[in-house]
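Visitor: Chains as they are written, first to last, in the numbering used here: chain H, 112 to 374; chain Z, -18 to 92.
Some hints here could point you the wrong way.
[Claimed, not checked] One-sided excerpt, in silico: chain H residues whose CB lies under 8 Å from chain Z:
#	residue
1	Val207
2	Thr277
3	Asp280
4	Arg281
5	Arg284
6	Glu285
7	Met288
8	Asp291
[To be verified] Here are a few chain H residues that sit away from chain Z, every Cβ distance over 12 Å (derived from the structure):
#	residue
9	Gly171
10	Leu225
11	Arg228
12	Thr231
13	Gly234
14	Glu255
15	Thr266
16	Arg274
17	Arg287
18	Asp330
Read the hints as simulated data drawn from the structure, not as lab findings. For glycine and all other residues, C-beta sits at the position ideal for the given N, C-alpha and C.
Chain by chain, the residues run as shown.
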Amino acid sequence: MIVRYDGQTWCGSVADLRSSDLDSGDVLTAVRGKASPCGVHCPTPDQFHERVGHVHPEMGLRIRTALADAARSRGAVAPQDEKRARLRDRRDAIDVAGQPPRRADAPATDVRALEERVATLRGRITALEECEQDASEERAKLREAAARLSETETTRLAAEEYRDQTRSDRDRREQRMVLDDRIGNLERAARAHLVDRLRDRYERALFALAPTADPFAADPVFAALALLRIGSVAAPVVLDTVPLASPAATATWIEAPVIVCGE
Amino acid sequence: MFLVITYSRAARRSLRNVTRAHEETTIRHLGRAALLDGTAFGAFQVLRLQEKHGGDVQIERVEPFVPADVPSDVRQAARQYEDRDHPSIPYRQFASGRDHPDPGQLRDRTA
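Chain H extracted, bound-state conformation (with noise of 0.2 Å):
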């Protein structure tokens, strides 16, 4: 691992950033390869290194999942993985895209009351007619009603119209769903096949450094050392906390890089 910023490189195991304005948010930045103020040359992160790679004492982190990936960092493969695979190909396969552009906006004013308003004017005029008065006035509003109430009517049939086409398309995104279902169940059966693999040495590990803590509820930060320990990461895992003794003896505990960033 190298690590660069304001003219000064830190090589090695530890990086000591504490002494420098730089927060642990840009050097996390920096270790996923995007744009950050400093530089950190080192292996690209995987999944595993995204759930506990960056280490603090408000890291949310949901520790079944993350043991699952500690295993597959590991390289451990689950029974279900190829089925999975298989039903993701299927799933990916399903085209919904190819459904017609979203409807037109629903017409601003209803149908009900233009169709209302017609009719009174309709009246009106018959009204006026019969006593022999003038009804031009109302026969030009009843013209531009009308003429509203068939617009209005037309983007309705539309609105119809885009409603029966989607119907063949529904029959698309249910298909994705079952399959949906279907992976999401294989992939909780693969975690909990992961996480039952590893569970003892995860709980060795925790216990060297919280005896009493309740393994799948302890303290995030100890969680994510002890996973640390039992996983494999390449990238620099960043501390914004010493857990251990010293930034040294945290690297070596959990076998990686660490860059440690001040509080």
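Position chain Z relative to chain H; hints supplied.
Guide: Just chain Z now, kept in the frame of chain H:
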């Protein structure tokens, strides 16, 4: 009433949130579908779901059903067929000897 059917896990989750938050508007929640009140508030909620999830949300307006709304010969046919002596007799055959509409006629008529 509005019938809402969802077609993705995310849309299904949103629907569940809506029916949980508005029990008074929810008539029935059935997994990935729900029946909501035909009030403007019900409409507001179903439209919100559609705005959020687009084609993954299907909305239908449905009416309460009472058997008296459908033609009486259809009701009678249903009642008498379910009361038949020989369970294995198909409806087509059952209808042909009696004064009941045959399946083809039933399909062509709107109830």
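Visitor: Hint validation: H:Arg281 versus chain Z, beta carbon distance must be below 8 Å. Holds or violated?
Guide: Holds, about 6 Å.
Visitor: Holds or violated: the hint that H:Glu285 contacts chain Z, with Cβ atoms closer than 8 Å.
Guide: This interface hint holds because 6 Å falls under the 8 Å limit.
Visitor: Would you check whether the claim that H:Leu225 is not at the interface survives, using Cβ distances to chain Z and the 12 Å cut-off?
Guide: Fine: 19 Å to the nearest Cβ keeps H:Leu225 off the interface.
Visitor: Please settle this one: H:Asp330 was flagged as non-interface, so is its CB more than 12 Å from every CB on chain Z?
Guide: With a cut-off of 12 Å, H:Asp330 remains clear of chain Z, as the shortest Cβ separation is near 30 Å.
Visitor: Confirm or reject the statement that H:Glu255 sits farther than 12 Å, beta carbon to beta carbon, from all of chain Z.
Guide: holds (28 Å)
Visitor: Classify the hint on H:Asp291 as holds or violated, based on whether any CB of chain Z lies nearer than 8 Å to its CB.
Guide: holds (5 Å)
Visitor: Test the statement that H:Gly171 is away from the interface with chain Z: the closest C-beta pair must be farther apart than 12 Å.
Guide: holds (19 Å)
Visitor: Checking hints one by one. Is H:Thr277 an interface residue toward chain Z, by the C-beta closer than 8 Å rule?
Guide: holds (6 Å)
Visitor: Is the claim that H:Gly234 lies outside the interface with chain Z correct, judged by CB distances over 12 Å?
Guide: holds (29 Å)
Visitor: Does H:Arg287 clear chain Z by more than 12 Å, comparing its Cβ with all Cβ atoms of that chain?
Guide: Violated, since 7 Å does not exceed 12 Å.
Visitor: Does the interface hint hold: is H:Met288 within less than 8 Å of chain Z, judged Cβ to Cβ?
Guide: holds (5 Å)
Visitor: Go through the hint on H:Asp280 and say holds or violated, using the shortest Cβ distance to chain Z against 8 Å.
Guide: Given a least distance of 6 Å, the restraint on H:Asp280 holds.
Checked against the numbered hints given earlier, the structure breaks hints 16, 17 and satisfies all the rest.
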